[in-house]
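Given next are the chains, with one letter for each unit.
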Amino acid sequence: MSNAFTDLLAEKGTLLADGATGTNLFNMGLMSGDAPELWNTDEPQKITKLYRFAVDSGSDLFLTNSFGANAARLKLHDAQARVHELSRVSAELAREVADTAGRKVLVAGSVGPTGEIMEPVGTLTHALAVEMFHETADGLKAGGADIGWLETISAPEEYRAAAEGFALAGLDWCGTMSFDTAGRTMMGLTSEGMVDLVHGLDNTPLAYGANCGTGASDLLRTVLGFASKGGTLPIISKGNAGIPKYVEGHIHYDGTPELMARYAIMARDAGASIIGGCCGTLPEHLVAMRAALDSTEKGPAPTLEQIAEEIGPFSSDSDGTDGNGPTRGPRRGRRRA
Amino acid sequence: MSEEDDIILSELDDEELVQQMFDDLYDGLKEEIQEGVNILLERGWEPYDILTKALVGGMTIVGADFRDGILFVPEVLLAANAMKGGMAILKPLLVETGAPRVGKMVIGTVKGDIHDIGKNLVGMMMEGAGFEVVDLGINNSVEAYLEAMEAEGPDILGMSALLTTTMPYMKVVIDTLVEQGIRDDYIVLVGGAPLNEEFGKAIGADAYCRDAAVAVETAKEWMGRKHNSAATA
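Quick mapping for you: the protein sequence lines, in order, are chains A and B. Throughout the first sequence, residue numbering follows the working numbering, covering 1 to 337 in sequence. Throughout the second sequence, residue numbering follows the working numbering, covering 338 to 570 in sequence.
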């Protein structure tokens, strides 16, 4: 299968993705609680500026401002009827920025989680989830996105539903999950579990990986987990620029550009070939990451000790892949058959 | 399933039954929990004792294993659902018998935040620990929080946010409480995956709770302090 994404990845070997959307929009005046997606039509010049941050910082691809552009989330803002439109416009604005970049830059149509829990534990049905993802993917495709980009997913069921939504829309896709709970996703999936999930799909993504979570160290550990499981698809690494702190009335992530540059190198060494940031990653971080990736050769995979020493401590001792994770105590009664 | 694997709850003595209910809660078996609650009632247990010894006891194990990364959200939701099945039987009886109240909490996600999985878990675990919980749902404005607190008179306000774009709104709510001079009337707990302790302090919350189990522990601890200061005041 060949498309703009696989072509550019084959040509360059490593792609620099983009940084934060929310953090950057805040710095442009987005108010807490407002839907960023409404700015696609209300403040298009600011969204264009957001996209230019990534392009001007050296990104090979950037995500559209459509993370929450699904029916479940836009309903909060009485905009559930505008899913297709807001998705389309997010990609159209991006297309314009990418096509005038003076080099090849890809538009990746961001698709975030529905925010609901799927059956059987929750109430969202598979069919409805597929329909929601399909709608967003359709809009992104109509706006000219090169690829769909699923991110911050916790539940395997939701990842599967999105894969079907992209298939229905006929949009190639990549998809990352968020490993924020003791090294696993909120629903308990390990990095190794995700490799099995991804490679077992009918509509496999062009690349898979991790984004957001709890800081760059944990993300690197997750990438090592992907690599050691030995999948065949390219790996994406989009970590947060440190952890959030509240400074003078706004959120500030404590990771420096130097730290994120080091993170980028280590992510590539660990086995990732699409590398970017997530929350807190500003243009200056991306510039440092670009320079670092361009000025060094790929080295051997870092050890967990090296990661902890250079990037910072992990949020948990185990991520559930080393057999050393905590286990439940002895049962008190008899197990039911 | 062989005959000897079958567990007949009514044949277990009280102690064995409570132990079995711990396991059944852990495994999210709602019908079995309801049956266990009814058996204990028939044996003359006080509703409050069933709540604290069987249900809260069992949910404490679930909470600890969630905190320690042994159980994850799907298992905890099932356990909480089983607990709720038992609570549905006990609730009216608890009111009738005038059982002591552990505390009351108003909880909701802040404006713009639809992500209520964590908030729901906290609500369920708090109920599992015997607290009365008023759930405001998602997307709450300052006004919605204030109105509910006025109407409900809770001990605790719980706020949750998952997104970088909604986290600062918690400070908006707390600042408003300060302005109105009612901040110290409540214990304010905040939570959400991207938050941390330092963030909680910086926005003026009493505590940041990493997960639902920690929220329960923290709530109990602060309620204890509140009682102590009330006793010495």
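Don't read these hints as lab results, they were simulated from the structure. Backbone N, C-alpha and C define an ideal beta-carbon position, used for all residues, glycine too. Just so you know, not all the hints are guaranteed correct.
Computed spacing ranges between beta-carbons, pair by pair [what the hints assert, rightly or not]:
no., chain 1, residue 1, chain 2, residue 2, range
1, A, Asp-254, B, Leu-378, 45 to 55 Å
2, A, Thr-296, B, Lys-557, 43 to 53 Å
3, B, Thr-513, A, Pro-313, 44 to 54 Å
4, B, Ala-488, A, Gly-29, 33 to 43 Å
5, B, Glu-379, A, Asp-202, 46 to 56 Å
6, A, Glu-96, B, Thr-513, 56 to 66 Å
7, B, Glu-348, A, Gln-80, 33 to 43 Å
8, A, Thr-327, B, Glu-352, 41 to 51 Å
Derived, one-sided and incomplete: chain A residues facing chain B with beta-carbon distance under 10 Å [to be verified]:
no., residue
9, His-134
10, Asp-138
11, Gly-312
Going down the list of hints, with the structure as the test:
1. A:Asp-254 - B:Leu-378: 45 to 55 Å: holds, 54 Å
2. A:Thr-296 - B:Lys-557: 43 to 53 Å: This hint holds: roughly 51 Å between Cβ atoms.
3. B:Thr-513 - A:Pro-313: 44 to 54 Å: Since the Cβ atoms of Thr-513 of chain B and Pro-313 of chain A sit about 36 Å apart, the hinted range of 44 to 54 Å is violated.
4. B:Ala-488 - A:Gly-29: 33 to 43 Å: The hinted range 33 to 43 Å holds for Ala-488 of chain B and Gly-29 of chain A, with Cβ atoms some 34 Å apart.
5. B:Glu-379 - A:Asp-202: 46 to 56 Å: Because 53 Å falls inside the window, the suggested range holds.
6. A:Glu-96 - B:Thr-513: 56 to 66 Å: With a Cβ separation near 41 Å, Glu-96 of chain A and Thr-513 of chain B fall outside 56 to 66 Å, so the hint is violated.
7. B:Glu-348 - A:Gln-80: 33 to 43 Å: Since Glu-348 of chain B and Gln-80 of chain A have Cβ atoms about 53 Å apart, the given range 33 to 43 Å is violated.
8. A:Thr-327 - B:Glu-352: 41 to 51 Å: Check failed, 25 Å falls outside 41 to 51 Å.
9. His-134: Status violated, d = 20 Å.
10. Asp-138: violated, 22 Å
11. Gly-312: Since the shortest Cβ distance to chain B is 13 Å, the answer is violated.
The earlier numbered hints that this structure contradicts are 3, 6, 7, 8, 9, 10, 11.
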